[in-house]
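Participant: Next come the chains, spelled out residue by residue.
2 protein chains.
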Amino acid sequence: MRFKVDPSNIYVALLHQPVYNKSGIVVTTAITNLDLHDIARTSKTFGLGGYYVVNQMPAQRELAGRILKHWVEGFGAEYNPNRGEALGVIKVVAAIEDAKADIQARHGVPPKVVATAARRVGETVGYADMRRIFEGGGPYLVVFGTGWGLTEDFLATVDYMLEPIEGPSGYNHLSVRAASAIILDRLLGNRV
Amino acid sequence: MRFKVDPSNIYVALLHQPVYNKSGIVVTTAITNLDLHDIARTSKTFGLGGYYVVNQMPAQRELAGRILKHWVEGFGAEYNPNRGEALGVIKVVAAIEDAKADIQARHGVPPKVVATAARRVGETVGYADMRRIFEGGGPYLVVFGTGWGLTEDFLATVDYMLEPIEGPSGYNHLSVRAASAIILDRLLGNRV
Numbered sequence: 354m355r356f357k358v359d360p361s362n363i364y365v366a367l368l369h370q371p372v373y374n375k376s377g378i379v380v381t382t383a384i385t386n387l388d389l390h391d392i393a394r395t396s397k398t399f400g401l402g403g404y405y406v407v408n409q410m411p412a413q414r415e416l417a418g419r420i421l422k423h424w425v426e427g428f429g430a431e432y433n434p435n436r437g438e439a440l441g442v443i444k445v446v447a448a449i450e451d452a453k454a455d456i457q458a459r460h461g462v463p464p465k466v467v468a469t470a471a472r473r474v475g476e477t478v479g480y481a482d483m484r485r486i487f488e489g490g491g492p493y494l495v496v497f498g499t500g501w502g503l504t505e506d507f508l509a510t511v512d513y514m515l516e517p518i519e520g521p522s523g524y525n526h527l528s529v530r531a532a533s534a535i536i537l538d539r540l541l542g543n544r545v
Numbered sequence: 354m355r356f357k358v359d360p361s362n363i364y365v366a367l368l369h370q371p372v373y374n375k376s377g378i379v380v381t382t383a384i385t386n387l388d389l390h391d392i393a394r395t396s397k398t399f400g401l402g403g404y405y406v407v408n409q410m411p412a413q414r415e416l417a418g419r420i421l422k423h424w425v426e427g428f429g430a431e432y433n434p435n436r437g438e439a440l441g442v443i444k445v446v447a448a449i450e451d452a453k454a455d456i457q458a459r460h461g462v463p464p465k466v467v468a469t470a471a472r473r474v475g476e477t478v479g480y481a482d483m484r485r486i487f488e489g490g491g492p493y494l495v496v497f498g499t500g501w502g503l504t505e506d507f508l509a510t511v512d513y514m515l516e517p518i519e520g521p522s523g524y525n526h527l528s529v530r531a532a533s534a535i536i537l538d539r540l541l542g543n544r545v
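Chains E and A, in that order, give the protein sequences. Converting from the first sequence to our numbering requires adding 353 to each position, the first position being numbered 1. Converting from the second sequence to our numbering requires adding 353 to each position, the first position being numbered 1.
Watch out, some of these pointers could steer you wrong.
Identical chains blur together in the list; that is why a pair holds if it fits in one copy or across any two.
As the list claims (entries may be wrong) - Calculated lysine to aspartate or glutamate pairs in the DMTMM-like style (CA-CA distance at most 20 Å, straight line):
{"id": "1", "residue 1": "K465", "residue 2": "D359"}
{"id": "2", "residue 1": "K453", "residue 2": "D482"}
{"id": "3", "residue 1": "K357", "residue 2": "E519"}
{"id": "4", "residue 1": "K422", "residue 2": "D506"}
{"id": "5", "residue 1": "K375", "residue 2": "E505"}
{"id": "6", "residue 1": "K453", "residue 2": "D512"}
Hints were generated in silico from the structure; no laboratory data involved.
With these hints in hand, go ahead and build the complete structure from the sequences.
Facilitator: See the structure below:
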């Protein structure tokens, strides 16, 4: 099976809230430069409709905006046009509701939300099943958490929970950059 | 098919030389902190035998050593033991020959070298075929380049070249952190 899903109906969001910190407290995390670059490059590779960076703190959104401007319009765009091309898929928003509204404005209907987590929380959907669901149309918004993961309250609101990525080792602390790459490849890559 | 390969026979190496820079000149690149963390976490997840960080510059190896010491023995080990557990899979060496000799010392035979590249260079092996080859035993050393990719002279010396990761978009500039995650999942993850 190769590319039966139209990936421009699939979006990703990186949520900096509501997530847990190391101690299980609900926090807003800071935006990390390489989360912008790496997940944008992965999103661009798989032809996604867009990548929403979600952070409720205005200073954090401003910082992300400055980084994007450098690569999309500034010196970076000239120095390495491939980066600008990838980072051009990013929209920085305050809340997941803003991402959903933006997708609804484009598609006429709001996206179904597909969450990912490192641990099994409630009923999960496998990757083959999710690919079949994607073939039905869209739009879909695949969300990734930062910090120590998306809160249980948030996960209770989503339409689908994907299975965690598990290796044979029992160690399940992939970076969000690695986990998002694997998940998007499993959902949208050519099957190998 | 689940985990038919013994992943402790599989190693990865991140080569900082010989790679091209943006202008096609052969250079040694600098070690990036998140390349250590992310690829170690991915290696640990998939249960690999080890992760070699290869850099011929002593000051670069010393820097990597200081970072590893912080997380494996220093304050970081206490602050976040999961990181120390992952970074403990890393060995910092000067040349790929050192990595091969280290693997030979452990397994009695040198590893076959499996290279990865963003562009199709010569004859490539698909992921299903490579998984079958892995089932035959080992050891194998899967190598990733930095900068603008491994040199053609180096690629001419390897035993296998994996197919590039390609999405539907034609854009093929994944970060090495994302590409290594996808490739190790395709080779060693549970099939989904």
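Participant: Determine for every hint whether it applies to the structure shown.
Facilitator: Quick rundown of the hints versus the structure:
In this homomeric assembly, K465 and D359 come within 20 Å of each other (Cα to Cα) only inside a single copy, at 15 Å, whereas the closest approach across copies is 38 Å. In this assembly of identical chains, K453 and D482 lie within 20 Å of each other by CA distance neither inside one copy nor across copies; the values are 23 Å within and 41 Å between. When the C-alpha separation of K357 and E519 is checked against a cutoff of 20 Å, the pair qualifies only between copies, where the shortest distance is 15 Å, while the shortest distance within a copy is 25 Å. For a Cα distance limit of 20 Å, the shortest separation of K422 from D506 qualifies neither inside one copy, at 34 Å, nor across copies, at 38 Å.
With identical chains, the CA atoms of K375 and E505 are at most 20 Å apart within one copy only, with a shortest distance of 15 Å there and 44 Å across copies. For the identical chains of this complex, K453 and D512 are intra-copy neighbours only, at 13 Å inside a copy versus 48 Å across copies, given an alpha-carbon limit of 20 Å.
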